[in-house]
Amino acid sequence: MAGKTHIEPALLEQYILGLTTDEESQAVELYLAQNPNKAKEIKANQLALEEFAMEFAMEPPKRLRENVLRSVKSTTQAKPIVNPKMNFSWITGIAATFALGFGLMTFLLYQQQSTLVSQIGALENKVNQLETKNTVLASQKAQINQQFAVVKNVNTNHVHLRGSELSPKALIVVYWNEIDQNAYLNVVDLPEIPADKSLQLWADVEGEMINMGVLETGKDELIKVPYIPNAESLNITLEPKGGSKTPNVAQLYANGKML
Amino acid sequence: MSREKLIIRLLQKSDERAIAMLYDDYAAALYGVVFRIVLSEELAQDVLQDAFVKIWKNGQQYNRSKGTLFTWILNISRNTAIDATRSKHFRGNGKIQNLDTVVDKVEKQFTEININQIGLLRHVDGLEEKYRNVIDLVYLKGHTQQEVTEILEIPLGTVKSRLKIGLRELRKLYKDVLTIFILILINL
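So the protein sequences, as listed, match chains A and B. According to this note's numbering, the stretch in the first sequence is residues 1 to 259, in order. According to this note's numbering, the stretch in the second sequence is residues 1 to 188, in order.
Rather than coming from a laboratory, the hints here were simulated on the basis of the structure. One or more of the hints may lead you astray.
Calculated cross-link-like contacts (lysine-lysine; reagent style DSS-like; alpha-carbon spacing at most 25 Å) [what the hints assert, rightly or not]:
#1 A:K43 <-> B:K5
#2 B:K175 <-> B:K5
#3 B:K66 <-> A:K62
#4 A:K219 <-> A:K197
#5 B:K164 <-> B:K130
#6 A:K62 <-> B:K130
#7 B:K54 <-> A:K38
#8 A:K219 <-> A:K169
#9 A:K73 <-> B:K175
#10 A:K152 <-> A:K219
#11 A:K38 <-> A:K141
#12 B:K66 <-> A:K40
#13 B:K160 <-> A:K38
#14 B:K57 <-> A:K38
#15 A:K141 <-> A:K152
#16 A:K241 <-> B:K172
#17 A:K40 <-> B:K57
#18 B:K13 <-> A:K38
#19 A:K241 <-> A:K197
#20 B:K130 <-> B:K172
#21 A:K152 <-> A:K257
#22 B:K57 <-> B:K5
#23 A:K43 <-> B:K66
#24 A:K38 <-> B:K172
#25 A:K40 <-> B:K5
#26 B:K175 <-> B:K160
#27 B:K5 <-> B:K130
#28 B:K164 <-> A:K73
#29 B:K130 <-> A:K73
#30 B:K5 <-> A:K141
#31 A:K62 <-> A:K40
#32 A:K73 <-> B:K54
#33 A:K43 <-> B:K172
#34 A:K133 <-> A:K197
#35 B:K164 <-> A:K40
#36 A:K62 <-> A:K43
#37 A:K43 <-> B:K160
#38 B:K66 <-> B:K54
#39 A:K73 <-> B:K57
#40 B:K175 <-> B:K130
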């Protein structure tokens, strides 16, 4: 019986009779938990004693029942923590608070999430716009770089086309590169022309006027024009809308000799 | 679930219905025991009320390892009653009486009451008086064994042996009663 508590039989009797102290009772209860047979015997004794006690029963006055229940109730109200109804509402209260808090939080998070989604949408749009703009700017910059490269190239000649008597203020700068064989115009000043007319550019090669196309004015940038080898001069004439096959020399607006 | 288990469960959950059920089942038995100690109906009622409040307050601590439910509430009631007899109030009222007189008086009173109330069901009459007296004094009235030697004017060794034999006899008696009861149940 190693490890098992030993209990004096006299103590067991005292226990049965309810005469043990709390500590003694605990020791006995521990012993009985380890000795089921003894526990059965003790219980039989207790039941016998109960029977014994029952036989001295005496009916208390009827009102005592109410008094007892009332004093128990007042004890309960003084100690609300042991009242199961209070406990219930207390737990319910906490649960409800949590549920409410959780619900509120969910709602707030949902709102916040919706706001963020729309903000993200707006930002995506903006990014797309900026990307597009960036692409445009990049191509414009590439163009400008290319034109600037032409302008600053040492092989590029700068030729001024000056206005005739018809348009004395007109001034066009021509960038003419014989090595790379490309050409650009910078329209510094040209007079307003009627809506049914166009300005057309011509190259004079050994007395023959070669069509270089209609001038698209109004753009604040260099205008690429065809390079015509052996051009002796460039001339701008006023022609009907869309240009002509041969120049109207009487309507010469500007010209300049190539070097 | 048995009624006793239900009461225990309600008691552990501090459900007031436990007290009402306990009262209906055991108040008469407890009142009888308490009265035999305090010898005053008025005081017995106060004691019983206090006892039920204690049962209520300690209900969550009760479990079956502490013995049967009735033994537990009986111990609380008896100890409350003993405390009451020891209080100044009780002494001041001059209610301490010669123990022999008390025993005689109560025995007489209860023999009458119980024969009237319970009649033939009084099984403990089958227990020899010398054993019954010792158990009564110790178990129901909470006297120490030393006190019993004075009340009954018998040596301590005799008190102890009567208590031991008395318990054994009582158990046999109760077992027989149980057997008869079960036989009746089976025959029904």
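So if I understand the rule, the pair passes when the alpha-carbon distance is 25 Å or less; does B:K130 with A:K73 pass? violated (43 Å)
Decide if the proposed pair is consistent with the structure: B:K5 and A:K141, CA atoms, cutoff 25 Å inclusive. violated (93 Å)
Holds or violated: B:K164 to A:K40, with C-alpha atoms at most 25 Å apart: It holds: about 17 Å lies between the C-alpha atoms, which stays within 25 Å.
Check whether the Cα positions of B:K54 and A:K38 lie no farther apart than 25 Å. violated (29 Å)
With the threshold set at 25 Å, check whether the alpha-carbon distance from A:K219 to A:K169 stays at or below it. holds (18 Å)
Check the hint pairing A:K62 with B:K130 against an upper bound of 25 Å on the C-alpha distance. Between A:K62 and B:K130 the Cα gap is close to 35 Å, so the pair fails against 25 Å, i.e. violated.
Holds or violated: A:K43 and B:K5, Cα atoms, limit 25 Å. Holds - the C-alpha atoms of B:K5 and A:K43 are around 16 Å apart, at most 25 Å.
Take the C-alpha atoms of A:K40 and B:K57, compute the straight-line distance between them, and say whether it is at most 25 Å. The hint is violated at about 28 Å.
Between A:K241 and B:K172, does the CA-CA distance stay at or below 25 Å? violated (137 Å)
For A:K38 and B:K172, compute the direct alpha-carbon distance and say whether it is at most 25 Å. holds (16 Å)
Keeping to a limit of 25 Å between CA atoms, is the pair of A:K141 and A:K152 held or broken? holds (16 Å)
Within a Cα-Cα threshold of 25 Å, do B:K57 and A:K38 meet the stated pairing? violated (30 Å)
In summary, the numbered hints that this structure violates are 3, 6, 7, 9, 11, 14, 16, 17, 18, 27, 28, 29, 30, 31, 34 and 36.
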